[in-house]
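Enquirer: Sequence:
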Amino acid sequence: MAGPIPAMLRGLIDDAALFPPGSAPMAVAVPAHRGYRQSWYEAMIGPLLVPQSRLADLEPGRGELAIGVVVDGDLEQVAHDVAALPPQVTVMHYESRHALEHLAKTAPAWGKPVYAELPFGPDALDAVRATGFTPKFRTGGLAAEFFPDPETLAETITGCRVRGLQFKLTAGLHQAARHRDPETGFEHHGFLNVLVAAAEAADGAPTEALARTLAETDELDLADRARRVLHRPRALWTGYGSCSIEEPLADLTRLQLLHRGDPA
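Residues 13 to 276 (this note's numbering) make up the sequence shown, in order.
Calculated directly from the structure, the hints in this document are not laboratory data. We treat Cβ as the ideally placed atom computed from N, Cα and C, and that holds for glycine. Treat the hints with care, since some could be wrong.
Each pair of labels, with its calculated beta carbon distance range [said to hold, decoys possible]:
id, residue 1, residue 2, range
1, Asp193, Arg266, 25 to 31 Å
2, Ala96, Ala221, 45 to 51 Å
3, Asp193, Gly75, 35 to 41 Å
4, Glu195, Gly23, 27 to 33 Å
Calculated cross-link-like contacts (lysine to any residue; reagent style SDA-like; alpha-carbon spacing at most 25 Å) [what the hints assert, rightly or not]:
id, residue 1, residue 2
5, Lys180, Glu220
6, Lys117, Ala214
7, Lys124, Asp161
Sequences and hints are given; from them, build the entire structure.
Expert: Laid out in structure tokens, this is it:
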């Protein structure tokens with residue numbers, strides 16, 4: 013189903029419902045994902061992310077199912093585990109936290125894009141550049157140290173731009189604007205902050221400007237700035253994994269960045 017989704021939002025969110033903090037059961041996550049793929053906003057949704065360790069439990073149903081495999085087991089076992097999947101399941105990409113030197117020996121044979129989760133810093137970017145993998149960074153989690161500050165994320169975005177790399181993010185990006193979670197006290201990045209900052213970076217904005225954008229908490233200002241670039245495909249940011257689809261969808265519609273009646 014073609015969705016009325018602006019270019020900047022297409023394929024923005026991979027469905028990480030199986031992962032914390034949502035941790036949905038497989039029997040819930042798969043039907044829910046099928047619902048997203050049949051909705052008016054289908055074009056905004058990427059594949060269902062499935063841990064390698066749970067591939068054997070995947071019951072896709074009758075229709076085709078696109079997934080991303082999050083490699084959490086033996087690298088040598090990945091090809092075998094994927095080969096055992098039902099024929100209606102298509103693997104779109106792989107994600108892994110394994111060391112680059114080990115991943116580089118095995119992952120090219122998988123034949124699909126690979127997102128390598130890295131620590132922040134220029135050395136990691138230099139190392140991943142030689143592999144052909146796309147760097148992936150964690151922007152949230154169950155402890156404060158998993159939330160990078162705006163300056164660190166801005167330096168990473170600039171580092172990717174100058175090296176000709178795209179990047180993916182995961183965790184913590186449920187709401188549009190940067191905010192403090194009242195229960196945990198953690199400072200969460202906003203997905204609109206990243207959307208605007210990545211677009212600015214693609215246009216050559218300096219790191220200091222990106223950090224200011226990432227630190228912005230005014231969602232109305234961010235929405236206005238995002239509205240100016242919605243017609244453009246994302247040049248640097250490939251998107252992010254989120255255990256919630258409903259939260260970002262609600263913010264985008266509330267801020268009038270997504271309208272069910274918009275032309276595709």
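Enquirer: Now tell me if each hint is right for this structure.
Expert: Do the hints match the structure? See the list:
Between aspartate 193 and arginine 266 the beta carbons are some 19 Å apart, a value that contradicts the proposed interval 25 to 31 Å. A hinted range of 45 to 51 Å holds for the C-beta pair alanine 96 and alanine 221, which are about 48 Å apart. The given range of 35 to 41 Å is respected by aspartate 193 and glycine 75, whose C-beta atoms sit roughly 36 Å from each other. With their beta carbons about 31 Å apart, glutamate 195 and glycine 23 fall inside the hinted range of 27 to 33 Å.
For the given pair, lysine 180 sits about 21 Å from glutamate 220 by alpha-carbon distance, which is consistent with the 25 Å threshold. Taking the CA atoms of lysine 117 and alanine 214, the gap is about 31 Å. The hint is violated against a cut of 25 Å. For a cut-off of 25 Å, the pair hint linking lysine 124 to aspartate 161 is broken: about 32 Å separates their Cα positions.
Of the numbered hints listed earlier, those contradicted by the structure are 1, 6, 7.
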